[in-house]
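Protein chains in written order, with numbering that gives the first Met the number 0: chain X, 0 to 238; chain S, 0 to 238.
Hints should not be assumed to be uniformly reliable.
Which copy is meant is left open, so a pair is good if it fits within one copy or across any two.
Stated by the list, open to error - With a straight-line Cα cutoff of 20 Å, these simulated DMTMM-like cross-link-like pairs (lysine to aspartate or glutamate) come out: (1) Lys130 with Glu47; (2) Lys36 with Glu108; (3) Lys143 with Glu47; (4) Lys62 with Asp27; (5) Lys126 with Glu9; (6) Lys165 with Glu52; (7) Lys36 with Glu235; (8) Lys143 with Glu52; (9) Lys126 with Asp27.
What the hints contain is simulated information worked out from the structure, not anything from laboratory work.
2 protein chains.
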Amino acid sequence: MRYQLYYWPEIQGRGEFIRLALEETGADYVDVARLPKRGMAAIMRLLESPAVEHPPFAPPFLKAGNTLIAQTANILFFLGPRLGLISNNESTRLWAHQLQLTIADWVAEVHDTHHPIAGSLYYEEQKREAKRRAADFRTARLPKFLDYFEQVLARNPKGSRYVLGKRISYVDLSLFQMIAGLRYAFPRAMARLEPKCPRLVALHETVAARPRIAAYLSSKRRSPFNPQDLFRHYPELDG
Amino acid sequence: MRYQLYYWPEIQGRGEFIRLALEETGADYVDVARLPKRGMAAIMRLLESPAVEHPPFAPPFLKAGNTLIAQTANILFFLGPRLGLISNNESTRLWAHQLQLTIADWVAEVHDTHHPIAGSLYYEEQKREAKRRAADFRTARLPKFLDYFEQVLARNPKGSRYVLGKRISYVDLSLFQMIAGLRYAFPRAMARLEPKCPRLVALHETVAARPRIAAYLSSKRRSPFNPQDLFRHYPELDG
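The whole structure should be built from the sequences, with the hints applied where relevant.
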């Protein structure tokens with residue numbers, strides 16, 4: 000099965016959570032909008048064509064054979080057992096999905112630190128509001144999310160390196176991405192908070208050291224963090 | 000199976016999407032925090048107890064036997080086939096879930112019209128920012144979401160009354176709740192936009208007329224819309 004990922008070609012964004020799952024498992028996939036002859040037009044065509052039976056609201060979306068599926072967490076739910084990134088047990092899948100949806104909420108809050116008013120406006124047009132929202136994020140929401148996932152890891156049996164135990168799942172890859180992105184966007188806040196979540200920090204290191212992830216991170220396929228992306232570094236938002 | 004729903008007792012909020020599914024199917028359930036001897040303490044205990052293996056990040060959550068499950072869309076994904084609100088076909092379930100996750104994004108944007116800076120602050124402390132965010136919501140985001148779901152309905156075979164065809168699903172119940180809530184919160188904006196989404200408006204009427212939903216809406220179990228809830232009516236945010 001060759002998977003076709005549709006996502007904005009020049010950013011990590013929400014698509015990165017899918018890319019990490021495909022990369023970790025050495026899956027056969029194409030990043031469609033990065034193909035020279037396809038580009039963003041391929042995304043727009045699927046978003047706008049009335050012939051699409053199950054239209055996505057927005058990227059990312061994935062084509063797998065005749066299946067077209069959207070919403071990041073839903074795509075990972077679908078891919079998980081197919082890529083061997085989770086067992087097929089219903090209870091395990093629902094628990095992982097619950098965690099992934101909490102990560103999705105976290106991602107939306109990260110985005111809104113720099114775009115609290117409208118995604119269609121420039122950051123510079125909502126800078127004052129961003130400063131207020133980011134202050135709440137740094138002092139209340141960020142510690143709450145970090146603490147939650149630290150507690151989830153702490154409740155695992157001893158010797159579990161990953162969220163679901165001894166085997167890596169897509170949730171671990173997503174938590175790696177959260178820590179990496181937050182370190183880029185909020186280096187001061189993270190330096191202050193990381194000592195309180197050693198298990199999450201260790202998980203980030205464990206994932207980063209996995210051979211395929213390490214190879215991916217040093218490849219051209221990994222977009223560098225940048226200030227047009229989901230995670231943005233604006234020193235004035237970092238306190 | 001007696002389901003136990005854990006949600007804030009005095010608001011509709013995100014819990015209402017679960018309540019509607021339970022009510023439509025005549026399921027045996029208790030709204031735990033509304034029980035005189037349980038109340039909000041029952042919610043807090045489950046959120047804070049280190050003995051809970053799969054802790055929720057926030058309400059709503061549901062107990063079904065030994066299963067504890069959180070995240071609104073995840074709960075509906077779990078309940079759907081069990082309540083007969085969707086078939087067990089994987090492709091159908093993923094499509095419905097994709098739509099439900101898009102509704103979840105929409106709900107978060109509705110919430111942020113009155114709380115663009117922080118959920119922990121009063122509306123009055125973020126009124127100026129709310130006005131800006133609500134203006135973008137009314138003129139860009141709300142029409143985009145309405146148009147998306149109108150298109151989804153328009154692509155169904157003729158004679159389909161519901162999102163998935165001839166049989167009601169939990170997605171229809173959630174879309175009913177969106178239209179009802181948006182009419183309460185943004186009556187002027189909705190009066191302007193509803194002529195452009197006749198299928199959604201008809202779906203709202205169809206769901207409201209279903210016997211169990213009609214009985215529920217006129218019962219005491221349905222909290223009235225109110226300005227402490229997810230959908231809030233502030234005339235200054237309605238343009």
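Next item on the list: Indicate which option fits the pair Lys143, Glu52 if close means a Cα-Cα distance not exceeding 20 Å: within, between, both or neither.
Entry: between (39 Å within a copy, 18 Å between copies)
Notebook entry, point to check: Is the C-alpha distance from Lys126 to Glu9 at most 20 Å within one copy, between copies, in both cases, or in neither?
Noted result: neither (24 Å within a copy, 36 Å between copies)
Notebook entry, point to check: For Lys143 vs Glu47, is the C-alpha pair at or below 20 Å within one copy, between two copies, both, or neither?
Noted result: Between copies only: 13 Å across chains, 39 Å inside a chain, cut-off 20 Å.
Next item on the list: Go through the copies and call it for Lys36 and Glu235: within, between, both or neither, with a Cα cutoff of 20 Å.
Entry: Result: close neither inside a copy nor across copies, 40 Å intra and 48 Å inter.
Notebook entry, point to check: Taking 20 Å as the upper bound on the Cα-Cα distance, should Lys62 and Asp27 be classified as within, between, both, or neither?
Noted result: Intra 12 Å, inter 39 Å, cutoff 20 Å: intra-copy only.
Margin query: As a check of your reading, is Lys36 near Glu108 (CA-CA no more than 20 Å) within one copy, between copies, both or neither?
Written below: This pair counts as neither: shortest intra-copy Cα distance 34 Å, inter-copy 35 Å.
Next item on the list: Classify it for me, Lys165 with Glu52: is the Cα-Cα distance of at most 20 Å met within a copy, between copies, both or neither?
Entry: between (39 Å within a copy, 16 Å between copies)
Margin query: As a check of your reading, is Lys126 near Asp27 (CA-CA no more than 20 Å) within one copy, between copies, both or neither?
Written below: Neither, since 41 Å and 50 Å both go past 20 Å.
Next item on the list: Give the relationship of Lys130 and Glu47 under a CA distance limit of 20 Å: within one copy only, between copies only, both, or neither.
Entry: neither (36 Å within a copy, 31 Å between copies)
This entry does not satisfy hints 1, 2, 5, 7, 9, going by the numbered hints stated previously.
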